[in-house]
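Asker: With the sequences and hints as input, model every part of the structure.
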Amino acid sequence: MVDGPRGTCWTEQVVRTNISDGTVRSDPLGTPEVLRRLRGKLIVSCQALPHEALHGSALMAAMARAVVEGGAAAVRCNSPEDITAVTETVPVPVIGLWKDGTDGVYITPGVAHAVAVAEAGAAVVAADATDRPRPDGSAFADLVAAAGRRGVPVLADVATVREGAAAVRAGAAAVSTTLSGYTPETAARGGPDAGPDMELLSALVAEVRVPVIAEGRIAEPGQVAEALDRGAWAVVVGGAITRPDQITRRFAAALRTDGADGAEDDAP
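Read left to right, the sequence shown gives residues 1 to 268 (full-length UniProt numbering).
Rather than coming from a laboratory, the hints here were simulated on the basis of the structure.
Glycine included, C-beta positions come from ideal geometry on N, C-alpha and C.
Incorrect hints may appear among the rest.
[Unchecked claim] Subject to a maximum C-alpha distance of 20 Å in a straight line, what follows is the list of computed SDA-like cross-link-like pairs (lysine to any residue): (1) 41 with 238; (2) 99 with 84; (3) 41 with 66; (4) 99 with 131; (5) 99 with 193; (6) 99 with 48; (7) 41 with 239; (8) 99 with 229; (9) 41 with 184; (10) 99 with 58; (11) 41 with 91; (12) 99 with 111; (13) 41 with 92; (14) 41 with 59; (15) 99 with 132; (16) 99 with 119; (17) 41 with 146; (18) 99 with 49; (19) 41 with 69; (20) 99 with 209; (21) 41 with 58; (22) 99 with 146; (23) 99 with 141; (24) 99 with 71; (25) 41 with 71; (26) 41 with 198; (27) 99 with 110; (28) 99 with 41.
[What the hints assert, rightly or not] If you anchor each label on the Cβ, the simulated ranges turn out as follows: (29) 247 with 206: 16 to 26 Å; (30) 56 with 254: 24 to 34 Å; (31) 194 with 254: 15 to 25 Å; (32) 185 with 136: 21 to 31 Å; (33) 136 with 252: 12 to 22 Å; (34) 133 with 253: 15 to 25 Å; (35) 184 with 100: 15 to 25 Å; (36) 36 with 229: 35 to 45 Å; (37) 221 with 194: 26 to 36 Å; (38) 194 with 104: 12 to 22 Å; (39) 139 with 251: 43 to 53 Å; (40) 245 with 99: 14 to 24 Å.
Answerer: Below you can see the structure in the form of structure tokens.
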């Protein structure tokens with residue numbers, strides 16, 4: 001099992017969580033307060049890319065307000081502009097990132113990106129912590145240090161247990177399963193019909209002594225419950241809540257296309 005950042009062994013206390021089976025799990029005392037507040041909670045990812053209809057900081061801020069009204073304990077969002085708009089709109093922590101590009105390491109890929117995310121107001125910086133080379137030549141530890149100098153902890157988005165353990169050694173305050181299925185090594189776990197990587201979640205919980213956040217292809221409330229049962233500190237849900245095009249496609253795919261079911265009568 002991997003100790004806390006920079007080789008410092010976590011001191012632990014045991015607390016009862018809201019896991020549905022009543023399991024008692026250890027709670028590392030070194031966890032930043034902002035992450036402590038998210039234990040057992042729902043985080044909603046509010047993101048829209050430039051080609052999507054809801055792209056724009058004002059729209060993302062409105063989306064963030066809606067999900068917080070629905071019970072989200074934190075919001076994950078992309079770009080300094082969206083981070084600033086969301087932090088000015090909702091009273092919950094913002095997990096910020098900056099997607100730059102579409103290939104390789106593009107989630108907060110460099111030190112400058114992490115600094116910009118922190119200075120935009122993010123309470124936590126999320127960044128790719130996979131084994132792949134960073135475009136600015138930096139190490140993940142450099143990014144962690146830059147955010148840390150600004151008082152902001154880093155959430156490591158990983159695809160494997162090995163990467164999660166390495167991220168903790170580099171100083172990550174928490175790890176997430178975000179990138180499982182999105183790297184060459186883990187591509188077989190992804191795809192349009194794949195569900196969340198619960199096995200990676202369980203393995204990370206067993207391996208590292210920092211919070212492990214479940215994220216990636218979580219589309220059903222039952223999957224949220226399963227993730228908590230497996231020891232997830234918190235759960236991130238994205239497109240299943242905040243991407244109307246994806247939600248609509250799921251419903252449309254379930255409809256008969258011959259018109260025999262009278263679906264047109266459903267219009268107001």
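Asker: State for each hint whether it applies.
Answerer: Each hint tested on the structure:
no.: 1; hint: 41 with 238; verdict: holds, 14 Å
no.: 2; hint: 99 with 84; verdict: holds, 15 Å
no.: 3; hint: 41 with 66; verdict: holds, 16 Å
no.: 4; hint: 99 with 131; verdict: holds, 17 Å
no.: 5; hint: 99 with 193; verdict: violated, 24 Å
no.: 6; hint: 99 with 48; verdict: holds, 11 Å
no.: 7; hint: 41 with 239; verdict: holds, 17 Å
no.: 8; hint: 99 with 229; verdict: violated, 31 Å
no.: 9; hint: 41 with 184; verdict: violated, 31 Å
no.: 10; hint: 99 with 58; verdict: holds, 18 Å
no.: 11; hint: 41 with 91; verdict: holds, 15 Å
no.: 12; hint: 99 with 111; verdict: holds, 13 Å
no.: 13; hint: 41 with 92; verdict: holds, 12 Å
no.: 14; hint: 41 with 59; verdict: violated, 24 Å
no.: 15; hint: 99 with 132; verdict: holds, 16 Å
no.: 16; hint: 99 with 119; verdict: holds, 16 Å
no.: 17; hint: 41 with 146; verdict: violated, 28 Å
no.: 18; hint: 99 with 49; verdict: holds, 9 Å
no.: 19; hint: 41 with 69; verdict: holds, 14 Å
no.: 20; hint: 99 with 209; verdict: violated, 28 Å
no.: 21; hint: 41 with 58; verdict: violated, 25 Å
no.: 22; hint: 99 with 146; verdict: holds, 18 Å
no.: 23; hint: 99 with 141; verdict: holds, 19 Å
no.: 24; hint: 99 with 71; verdict: violated, 26 Å
no.: 25; hint: 41 with 71; verdict: holds, 9 Å
no.: 26; hint: 41 with 198; verdict: holds, 17 Å
no.: 27; hint: 99 with 110; verdict: holds, 10 Å
no.: 28; hint: 99 with 41; verdict: violated, 25 Å
no.: 29; hint: 247 with 206: 16 to 26 Å; verdict: violated, 34 Å
no.: 30; hint: 56 with 254: 24 to 34 Å; verdict: holds, 30 Å
no.: 31; hint: 194 with 254: 15 to 25 Å; verdict: holds, 19 Å
no.: 32; hint: 185 with 136: 21 to 31 Å; verdict: holds, 22 Å
no.: 33; hint: 136 with 252: 12 to 22 Å; verdict: violated, 42 Å
no.: 34; hint: 133 with 253: 15 to 25 Å; verdict: violated, 38 Å
no.: 35; hint: 184 with 100: 15 to 25 Å; verdict: holds, 20 Å
no.: 36; hint: 36 with 229: 35 to 45 Å; verdict: violated, 20 Å
no.: 37; hint: 221 with 194: 26 to 36 Å; verdict: violated, 18 Å
no.: 38; hint: 194 with 104: 12 to 22 Å; verdict: holds, 21 Å
no.: 39; hint: 139 with 251: 43 to 53 Å; verdict: holds, 44 Å
no.: 40; hint: 245 with 99: 14 to 24 Å; verdict: holds, 18 Å
Checked against the numbered hints above, the structure breaks hints 5, 8, 9, 14, 17, 20, 21, 24, 28, 29, 33, 34, 36 and 37 and satisfies the rest.
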